[in-house]
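Enquirer: So the protein sequences, as listed, match chains A and B.
Read in our numbering, the first sequence has 101 at position 101, and its numbers run on one by one without any break.
Read in our numbering, the second sequence has 153 at position 153, and its numbers run on one by one without any break.
Just so you know, these hints were derived from the structure itself, not from any lab.
Even glycine gets a Cβ: it sits at the ideal position worked out from N, Cα and C.
Some hints here could point you the wrong way.
Said to hold, decoys possible - What follows is a set of in silico ranges between Cβ atoms, one per label pair, in the way DEER data are often shown: (1) S199(B) with I111(A): 33 to 39 angstroms; (2) K187(B) with Y64(A): 43 to 49 angstroms; (3) I111(A) with G197(B): 57 to 63 angstroms; (4) P114(A) with I111(B): 40 to 46 angstroms; (5) F25(A) with L275(B): 54 to 60 angstroms; (6) F50(B) with G133(A): 27 to 33 angstroms; (7) P95(A) with V130(B): 57 to 63 angstroms.
Claimed, not checked - The following residues of chain B were derived to be distant from chain A, with all beta-carbon distances above 10 angstroms: (8) R22; (9) L43; (10) L47; (11) G51; (12) A62; (13) I190; (14) E202; (15) Q242; (16) G270; (17) L278.
Residue-level listing of the chains:
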Amino acid sequence: MLDFIIKRILQVILVVFLALTVVFFLVRLSGDPTTLFLPPDAPKEQIEEYRELLGFNRPLYVQYGEFMFNAIQGDFGESLRSGEDALGLVLQRMPATFQLAISALALSLLIAIPLGVFSAYKRNTIFDRLSVGITVIGQAIPNFWFGLILIYIFAAQLKILPSSGGGSIAHMVLPVATLALYSISRFVRFTRSAMLDVLNKDYIRTSKAAGAPTSSLIMKYALKNSLIPIITLVALDLGVLLGGAVITEAVFSWPGVGRLLHQSLMNRDFPIVLAGVFIIAIIYAVINFIADILYAYVNPQIRVK
Amino acid sequence: METSTVTTNTVKVKYKQKSKLREMFRKLTRSWTGMLGFCLIILLIILSIFGDWIAPFDPMDAQLRDRLLPPLTDGHLLGTDQLGRDILSRIIDGTRVSMIIGLATAFLAGIIGTIVGVIAGYYRGWVDVVLMRIVDVQLSFPFILLVLVISAVLGAGLTNIVISLALAGWVLFARVIRSEVLALREKEFIIAAIATGVSKFEILVKHILPNIFTPIIILASLQIGTYIIAEASVSFLGFGVQPPTPAWGNMLNEGKDYIFNSWWLITFPGIAIILTTLGINLFGDWLRDTLDPELKGE
Chain A
1 MLDFIIKRIL QVILVVFLAL TVVFFLVRLS GDPTTLFLPP DAPKEQIEEY
51 RELLGFNRPL YVQYGEFMFN AIQGDFGESL RSGEDALGLV LQRMPATFQL
101 AISALALSLL IAIPLGVFSA YKRNTIFDRL SVGITVIGQA IPNFWFGLIL
151 IYIFAAQLKI LPSSGGGSIA HMVLPVATLA LYSISRFVRF TRSAMLDVLN
201 KDYIRTSKAA GAPTSSLIMK YALKNSLIPI ITLVALDLGV LLGGAVITEA
251 VFSWPGVGRL LHQSLMNRDF PIVLAGVFII AIIYAVINFI ADILYAYVNP
301 QIRVK
Chain B
1 METSTVTTNT VKVKYKQKSK LREMFRKLTR SWTGMLGFCL IILLIILSIF
51 GDWIAPFDPM DAQLRDRLLP PLTDGHLLGT DQLGRDILSR IIDGTRVSMI
101 IGLATAFLAG IIGTIVGVIA GYYRGWVDVV LMRIVDVQLS FPFILLVLVI
151 SAVLGAGLTN IVISLALAGW VLFARVIRSE VLALREKEFI IAAIATGVSK
201 FEILVKHILP NIFTPIIILA SLQIGTYIIA EASVSFLGFG VQPPTPAWGN
251 MLNEGKDYIF NSWWLITFPG IAIILTTLGI NLFGDWLRDT LDPELKGE
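Looking at chain B on its own, in the form it has when it is part of the complex:
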């Protein structure tokens, strides 16, 4: 008798999870903006992973004879740059850089912010006061300027730009997670757990953390676009990702000197940034509306 109940329960749980994912997807097919975002993200993932095989040319291969070819000449769909490199191939290769930076930053900033937010919201007291003062102070300084100064000081490179973005971005996570934790603490099931003598740490791991996972994912998905644009801006200003590594921001930086004659150098990398950010934002908006309608409009 005992064993059979257990098995039915596991089956039920499994079935529930599966149908939850299916339910999510069903909801996704009903929202065309969410679907558009989802498709764009799939495309970005494919380009990031299989870019080397998809790109028609070697993104680093400079052919000075073919420099500044306009789009649709000699097999160069989007033209070539000032060194004769194929722009489409460089944009495809740059997808990986942007995606890595966006995801890595969201991950790093999310972890730092969550740790700080949980500590502040759960333990309260003077720790909370000090941590939130730091967050307030940092939030009262322009984000992009902070990224610029930190990355200029740390020096160029992919790792450093991720660190700069995360150092500038974690505060937002900290603040949101803190208020989530504060609200959770007042919930009945937590109070019940405290009353029954469950240890503070166990409550944190078993009851608090699983319940803040959704807001973390929502916030992260909404922030990735900001990080990608910030990286492009900083790389455009000559810090961040350095040539010859193709990144959309430094492609625009190199292309701006040829703006008067060769429009394709600055046009296409920008469109790549817009489509990427748009896709991620649309999907993030949909995710927020579906998982947590209360956050809408914030």
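In isolation and in its complexed conformation, chain A is listed as follows:
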């Protein structure tokens, strides 16, 4: 087990390191950011002066080395726009994004697991067909569009919920619903098939034959075992939710990392982009890491491998 954990920790470090390297070179290859700060007719000397000031005139590998050296210490430089510490800005926005992603995750689990379990139990009935049909359509709906429609209905027409901003529970309802939509479809499909797998197992048939009541059959035997694959899915999905939060936050002007990243990409404010990618890569890798450990814990077969 310890071997396994150490191996996975090394992988986390590798993921973060590679993510930073790729984004650094992508960003630098896309052109010199200094031109964005100066008027188009700025004299050549002024451009040079700026490049020197910001350090963009040095060879790429020197810039990369310095960037990595500083990044290890958590220093991603300052925002090219506001001059504030880039990592600090990203970290400041972190709680808002987490709030959104975790609420969406909780909401989708709350809806999807019972739906998936019931769907599997009532296999091939109208209820099952309907819930499968809805999830198929749900997966075809773009998240951000669903958000726009919610804004139109609840903010523009009914005027009962705010369309943008953050700070109160009311502000959370629409973004959380938007973000949850996609996960719900995936979770229902997944829970249903995991549950079907288990329901076909011999020990379920045996306990059914032995007269175990339906409720304990589902809760005690079937659900417990079908939760194993769901753990991995939930962990993976928290990452997808963090990614999806970028778009959802943009739709609802939710003050999280996603919106900050979007604005920084628009403004070519690269220190913030790099700091954001760094944080997201770490979170994503850590979530995966925890999922793997949990998975190995609940399923001893993995540990032996």
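Based on these hints, arrange chain B on the given structure of chain A.
Expert: Here is chain B on its own, set in the frame of chain A:
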């Protein structure tokens, strides 16, 4: 005697292929979801090719006098946008953009992923270890975020969005193809070929590649919908396909500013995306279930 055997064999093979396609179609008519997907795809192809003739108005023609007309006014079935352009015509024109992006990305990502997957799975060893580590690392980063960052860096435009999507999407192909190749390597007919001294390259071309074609097609058909939604999302955020070229994502981006008064600007392009993705996904699901039932549920 010799020649007659050969001819019968060719006839048999031809007959077999023809009846295989017919058999597929017969199966398709039995699945209403597969059929629905198939019909939607045919419709999309027709709109992509003949859109210019079908569209009632010029999708680029701005008539400021007619701006923000609601649906069903003055011949504008779905209304007009903030510049007075016909929304139905713009949606029809946008079909081509979405289809090109979806297909081109699946093609590009499929090729890169297949090459990597085959190399990793067939040659194994340290090449496999290195390539799969790269795949693992990339898979551990949110897809949509990767597309967004790459396309923001590469700059706007149709080609760049295809490149961004393919760069973010090839890893999935690589992983699936690798495991297919690994499984194939253990099959008896490959081992027999190795034993009889057929060269490694010949085995690859004659025995491995034809047998991974089906999973590639299945995976590609299931991914196109994801690519179309990702493109729309990125264009919605202001990267990707830029106005005035009508693409569903940038139509939604322009329309969102008028959301409080003109619902039709955001409603119809979204429905177009849903129908397209739904059609492709339904057909892809059917294709997977028919060609490779083992993949079901993965």
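Enquirer: Using the Cβ atoms, figure out if S199(B) sits within 33 to 39 angstroms of I111(A).
Expert: violated (56 angstroms)
Enquirer: With 10 angstroms as the threshold, tell me whether A62(B) passes as away from chain A on beta-carbon distances.
Expert: holds (23 angstroms)
Enquirer: Would you check whether the claim that G51(B) is not at the interface survives, using Cβ distances to chain A and the 10 angstroms cut-off?
Expert: holds (21 angstroms)
Enquirer: Closest CB-CB distance from G270(B) to chain A, is it above 10 angstroms?
Expert: Answer for G270(B): violated, closest chain A Cβ roughly 4 angstroms.
Enquirer: Check the non-interface label on L278(B): least C-beta distance to chain A beyond 10 angstroms or not.
Expert: Violated, because the least Cβ-Cβ distance between L278(B) and chain A comes to about 4 angstroms, which does not exceed 10 angstroms.
Enquirer: Hint says 43 to 49 angstroms; check whether the CB-CB distance for K187(B) and Y64(A) agrees.
Expert: With a Cβ separation near 46 angstroms, K187(B) and Y64(A) satisfy 43 to 49 angstroms, so the hint holds.
Enquirer: Just checking, L43(B) versus chain A, shortest CB gap more than 10 angstroms?
Expert: Non-interface label on L43(B) holds, nearest chain A Cβ at 15 angstroms vs cutoff 10 angstroms.
Enquirer: Beyond 10 angstroms from every Cβ of chain A: is that where the Cβ of E202(B) lies?
Expert: holds (34 angstroms)
Enquirer: Minimum C-beta separation from L47(B) to chain A exceeding 10 angstroms: can you confirm that?
Expert: L47(B) clear of chain A: closest Cβ-Cβ about 17 angstroms, beyond 10 angstroms.
Enquirer: Do P114(A) and I111(B) keep their Cβ atoms within the hinted range of 40 to 46 angstroms?
Expert: holds (43 angstroms)
Enquirer: Examine each Cβ of chain A, and state whether all of them lie more than 10 angstroms from the Cβ of R22(B).
Expert: Holds, because the least Cβ-Cβ distance between R22(B) and chain A comes to about 28 angstroms, which exceeds 10 angstroms.
Enquirer: Quick check on a hinted range of 54 to 60 angstroms for F25(A) and L275(B), using CB atoms only.
Expert: For F25(A) and L275(B) the Cβ distance comes to about 39 angstroms; the hint is violated.
This entry does not satisfy hints 1, 5, 7, 16, 17, going by the numbered hints stated previously.
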